[in-house]
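**Q** This is what each chain is made of:
2 protein chains.
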Amino acid sequence: MAPESSANTPSTTENRGNIAAASGRRASITVELAERSYPIEIGTGITGELADVLRQEVGDLSHALVIADESIQTHWADPIIECLSSIDNVRVNNTNVPSGETTKSVEHLSRLWDWLLSSGADRRSVLFAIGGGVVGDLAGFAAASFTRGIRFVQIPTTLLAMVDSSVGGKTGINLSGGKNMVGAFWQPELVWIDTACLQTMGERDYLSGLAEVVKYGVIEDAEFFDWLCKNAASLLARDHAALQHAVTRSCQSKARVVRDDERETSGRRAILNYGHTFAHAIEATAGYGAILHGEAVSIGMQMAASLAIDMGLCDESLLTRQTELLTACGLPVQFADADADKMLPVMMRDKKVAHGKLRFILPTDIGNVQLVGDVDPAQVRSAIQAHR
Amino acid sequence: MAPESSANTPSTTENRGNIAAASGRRASITVELAERSYPIEIGTGITGELADVLRQEVGDLSHALVIADESIQTHWADPIIECLSSIDNVRVNNTNVPSGETTKSVEHLSRLWDWLLSSGADRRSVLFAIGGGVVGDLAGFAAASFTRGIRFVQIPTTLLAMVDSSVGGKTGINLSGGKNMVGAFWQPELVWIDTACLQTMGERDYLSGLAEVVKYGVIEDAEFFDWLCKNAASLLARDHAALQHAVTRSCQSKARVVRDDERETSGRRAILNYGHTFAHAIEATAGYGAILHGEAVSIGMQMAASLAIDMGLCDESLLTRQTELLTACGLPVQFADADADKMLPVMMRDKKVAHGKLRFILPTDIGNVQLVGDVDPAQVRSAIQAHR
Numbered sequence: 001m002a003p004e005s006s007a008n009t010p011s012t013t014e015n016r017g018n019i020a021a022a023s024g025r026r027a028s029i030t031v032e033l034a035e036r037s038y039p040i041e042i043g044t045g046i047t048g049e050l051a052d053v054l055r056q057e058v059g060d061l062s063h064a065l066v067i068a069d070e071s072i073q074t075h076w077a078d079p080i081i082e083c084l085s086s087i088d089n090v091r092v093n094n095t096n097v098p099s100g101e102t103t104k105s106v107e108h109l110s111r112l113w114d115w116l117l118s119s120g121a122d123r124r125s126v127l128f129a130i131g132g133g134v135v136g137d138l139a140g141f142a143a144a145s146f147t148r149g150i151r152f153v154q155i156p157t158t159l160l161a162m163v164d165s166s167v168g169g170k171t172g173i174n175l176s177g178g179k180n181m182v183g184a185f186w187q188p189e190l191v192w193i194d195t196a197c198l199q200t201m202g203e204r205d206y207l208s209g210l211a212e213v214v215k216y217g218v219i220e221d222a223e224f225f226d227w228l229c230k231n232a233a234s235l236l237a238r239d240h241a242a243l244q245h246a247v248t249r250s251c252q253s254k255a256r257v258v259r260d261d262e263r264e265t266s267g268r269r270a271i272l273n274y275g276h277t278f279a280h281a282i283e284a285t286a287g288y289g290a291i292l293h294g295e296a297v298s299i300g301m302q303m304a305a306s307l308a309i310d311m312g313l314c315d316e317s318l319l320t321r322q323t324e325l326l327t328a329c330g331l332p333v334q335f336a337d338a339d340a341d342k343m344l345p346v347m348m349r350d351k352k353v354a355h356g357k358l359r360f361i362l363p364t365d366i367g368n369v370q371l372v373g374d375v376d377p378a379q380v381r382s383a384i385q386a387h388r
Numbered sequence: 001m002a003p004e005s006s007a008n009t010p011s012t013t014e015n016r017g018n019i020a021a022a023s024g025r026r027a028s029i030t031v032e033l034a035e036r037s038y039p040i041e042i043g044t045g046i047t048g049e050l051a052d053v054l055r056q057e058v059g060d061l062s063h064a065l066v067i068a069d070e071s072i073q074t075h076w077a078d079p080i081i082e083c084l085s086s087i088d089n090v091r092v093n094n095t096n097v098p099s100g101e102t103t104k105s106v107e108h109l110s111r112l113w114d115w116l117l118s119s120g121a122d123r124r125s126v127l128f129a130i131g132g133g134v135v136g137d138l139a140g141f142a143a144a145s146f147t148r149g150i151r152f153v154q155i156p157t158t159l160l161a162m163v164d165s166s167v168g169g170k171t172g173i174n175l176s177g178g179k180n181m182v183g184a185f186w187q188p189e190l191v192w193i194d195t196a197c198l199q200t201m202g203e204r205d206y207l208s209g210l211a212e213v214v215k216y217g218v219i220e221d222a223e224f225f226d227w228l229c230k231n232a233a234s235l236l237a238r239d240h241a242a243l244q245h246a247v248t249r250s251c252q253s254k255a256r257v258v259r260d261d262e263r264e265t266s267g268r269r270a271i272l273n274y275g276h277t278f279a280h281a282i283e284a285t286a287g288y289g290a291i292l293h294g295e296a297v298s299i300g301m302q303m304a305a306s307l308a309i310d311m312g313l314c315d316e317s318l319l320t321r322q323t324e325l326l327t328a329c330g331l332p333v334q335f336a337d338a339d340a341d342k343m344l345p346v347m348m349r350d351k352k353v354a355h356g357k358l359r360f361i362l363p364t365d366i367g368n369v370q371l372v373g374d375v376d377p378a379q380v381r382s383a384i385q386a387h388r
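So the protein sequences, as listed, match chains A and B.
Going by full-length UniProt numbering, the first residue of the first sequence is number 1, and it counts up by one from there.
Going by full-length UniProt numbering, the first residue of the second sequence is number 1, and it counts up by one from there.
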């Protein structure tokens, strides 16, 4: 879903602890979708456990196709490939795609389709997507459409992908005229999250991912919000236990929302867009890439909170608490270049605009949001200006 | 699904009767797929009834996007567009694609996606596909994937599309390395069949479509097979009542099979491939387009029947009866250029090959077929040679 410019190229200046030592305490969450249900497995340094889990969760596996972000091939994809190759009678093919949002294009999709065909993929093959949201979204759509659907496994290596894009089955690519305009709802067989990957993420990308973590606290998990307030320092230090808890709790939130509204038909899934209508407008007007998706979401949640206060939906203390937490997570809470004159027209074209009327997910208190339709543009303008 | 080279460009030499006079006796079949159920409406000269049916079956309609085969724009798409435009508060956009199998490409799909975006399509828009199987398959996949799925209506104008590709939700495009390799199962909201379109089809294309009609008789409707034997002459004369009956009965067959196995998981849907493994090999080795899909299916069914006899699954009389009916329908029952040395390798690469073993849908008697695995290539070779 999100632009992730630098993914997680291993940092050479930092080594955040012994990954293997943290192994062996895996959390498992089920995304409950009847015959499309699947587990999210979360742990640290768990590659050695993958083969067993695949046997249980994916079953018949004779042909694995691995698509990885080229920037993490050596560090994170190669060990997975080695694991897959060690399973009896499994044939493995591997390809790379470049890092960055421009990879979510028709051209790269077409290349992947051709690669699947030339690799001899058929309906019994299983595709593995290793990387951030870009790889997961692109490879997921390739899996959804090749021979009208093959099984796939999400192996997210960035925080944003772990807590957001890898869970819930939204796959797709961008068109030159719009982001995520084409794709499919296609659920993976398994989401495999090794939080060890987070140790090698660049600082700015890592912090950006925390914005979506904070989002879950605000939209539907007040207890988690409190936990985040107390443990922000541990998350900044990338403490293993804190990361495992934060990712697990975020995935639980996402799994609940997706279970209740898999295909965005009831409106419930829209709560995941808290802060995002502002964020998309910030990203679009700042030029995609100038600001990271999570940074824009952080600022967008601030604008949404201000709008909610202005509309009498919640009191000032919500904004105060949210500001404190986002700041403690090293995230921006204002954007000097925010330009309401440019942002408003973008917001009017948003997919969530119904009949030209602005709609927002707005908080009523920590842990609760609601969809508010027909919002006065003047109030939206004020909310933007409150965070410049 | 099928290559249809010339679609139904109006014939200037023939006028097969007053279409309007035949209006008013519509048959309705439901494809029963729980929340994805939809009606197939079949009649002659029924454009005047479309607006009412759309109100009932499609409901909320404010934006219609019409994709039509360029060869039938004036004759068949324009009246539909006029009808759509006459509905209150409906905005209509229209585009064309060229006739012929090469239109089922990534390039045309990409162009359609961009067109949908630039036309302001959103999740409430409805796409109308007017033409043969090429347009239905391409536009259907565009509908399945644009914003992860918008509603669509199939308006087939060729016999093959009416009785086969427009029903059942198989959509997709070809890759340069293989036909129908990419796509989605995406059911329409409505299939609207005006058999008046059949009057303007070129003779060879029209007869080709009859092969799939005969197929339904052999695979699961012995009573219909008998009816076809008695009414072949009426079908050749394109008699309105005979056409309405043949299309209706064919769609009933297809609807039953799709209901029982929407996504080709139980194996039941495979019976629709009767004759097709041979046919695909004939088409591929003859060069796509040299022989029409239905012609290849006709010959392929003959080869499958010979194989069944050779394997002791049915007696000679089945082949005799099938030969008589196909011949009465003006279809070829042998192919002088059939080359087993070339066809066998193609058949081994077929999607239905499991672990290198040839599998076929073979008749046991008229109205019954079964999936037979691990067939001896020598017997396949004999079956091919029996119809050279």
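In case anyone wonders, no lab produced these hints; they're calculated from the structure.
Check each hint, because a few of them may be wrong.
Identical chains share a label here; the pair holds if one copy fits it or two copies do between them.
Unchecked claim - No farther apart than 16 Å at their CA atoms in a straight line, the calculated lysine to aspartate or glutamate pairs in the EDC-like style are these: (1) LYS357 <-> ASP376; (2) LYS179 <-> GLU203; (3) LYS179 <-> ASP88; (4) LYS179 <-> ASP114; (5) LYS230 <-> GLU57; (6) LYS179 <-> GLU324; (7) LYS357 <-> ASP374; (8) LYS357 <-> ASP122; (9) LYS179 <-> ASP122; (10) LYS357 <-> GLU107; (11) LYS342 <-> ASP260; (12) LYS357 <-> ASP226; (13) LYS230 <-> GLU324; (14) LYS342 <-> ASP315; (15) LYS230 <-> ASP122; (16) LYS179 <-> GLU101; (17) LYS179 <-> GLU107; (18) LYS342 <-> ASP226.
**Q** Evaluate each hint against the coordinates.
**A** Structure-based check of all given hints:
1. In this assembly of identical chains, LYS357 and ASP376 lie within 16 Å of each other by CA distance solely inside one copy; the values are 9 Å within and 66 Å between copies.
2. Proximity of LYS179 to GLU203 under the C-alpha cut-off of 16 Å is found in neither arrangement, the shortest distances being 25 Å within a copy and 46 Å between copies.
3. Within a single copy, LYS179 and ASP88 get their C-alpha atoms no closer than 41 Å, and across copies no closer than 32 Å, so neither meets the 16 Å cut-off.
4. Proximity of LYS179 and ASP114 under a CA criterion of 16 Å is satisfied inter-copy only: 12 Å between copies versus 23 Å inside one chain copy.
5. For the homomeric pair LYS230 and GLU57, neither the shortest alpha-carbon distance inside one copy (36 Å) nor that between copies (55 Å) is at most 16 Å.
6. Within a single copy, LYS179 and GLU324 get their C-alpha atoms no closer than 31 Å, and across copies no closer than 57 Å, so neither meets the 16 Å cut-off.
7. Proximity of LYS357 and ASP374 under a CA criterion of 16 Å is satisfied intra-copy only: 5 Å inside one chain copy versus 61 Å between copies.
8. For the identical chains of this complex, LYS357 and ASP122 are inter-copy neighbours only, at 15 Å across copies versus 45 Å inside a copy, given an alpha-carbon limit of 16 Å.
9. In this assembly of identical chains, LYS179 and ASP122 lie within 16 Å of each other by CA distance solely across copies; the values are 13 Å between and 29 Å within a copy.
10. For a Cα distance limit of 16 Å, the shortest separation of LYS357 from GLU107 qualifies neither inside one copy, at 35 Å, nor across copies, at 35 Å.
11. For a Cα distance limit of 16 Å, the shortest separation of LYS342 from ASP260 qualifies neither inside one copy, at 35 Å, nor across copies, at 53 Å.
12. When the C-alpha separation of LYS357 and ASP226 is checked against a cutoff of 16 Å, the pair qualifies neither within a copy, at 34 Å, nor between copies, at 60 Å.
13. For the homomeric pair LYS230 and GLU324, the shortest alpha-carbon distance inside one copy (11 Å) is at most 16 Å, but the shortest distance between copies (83 Å) is not.
14. Taking the closest pair of Cα atoms, LYS342 and ASP315 never come within 16 Å of each other, the shortest separation being 28 Å inside a single copy and 76 Å across copies.
15. In this assembly of identical chains, LYS230 and ASP122 lie within 16 Å of each other by CA distance neither inside one copy nor across copies; the values are 49 Å within and 43 Å between.
16. Taking the shortest Cα distances, LYS179 and GLU101 sit within 16 Å of each other inside one copy (9 Å), while across copies they are farther apart (30 Å).
17. In this homomeric assembly, LYS179 and GLU107 come within 16 Å of each other (Cα to Cα) only inside a single copy, at 15 Å, whereas the closest approach across copies is 19 Å.
18. Taking the closest pair of Cα atoms, LYS342 and ASP226 never come within 16 Å of each other, the shortest separation being 35 Å inside a single copy and 70 Å across copies.
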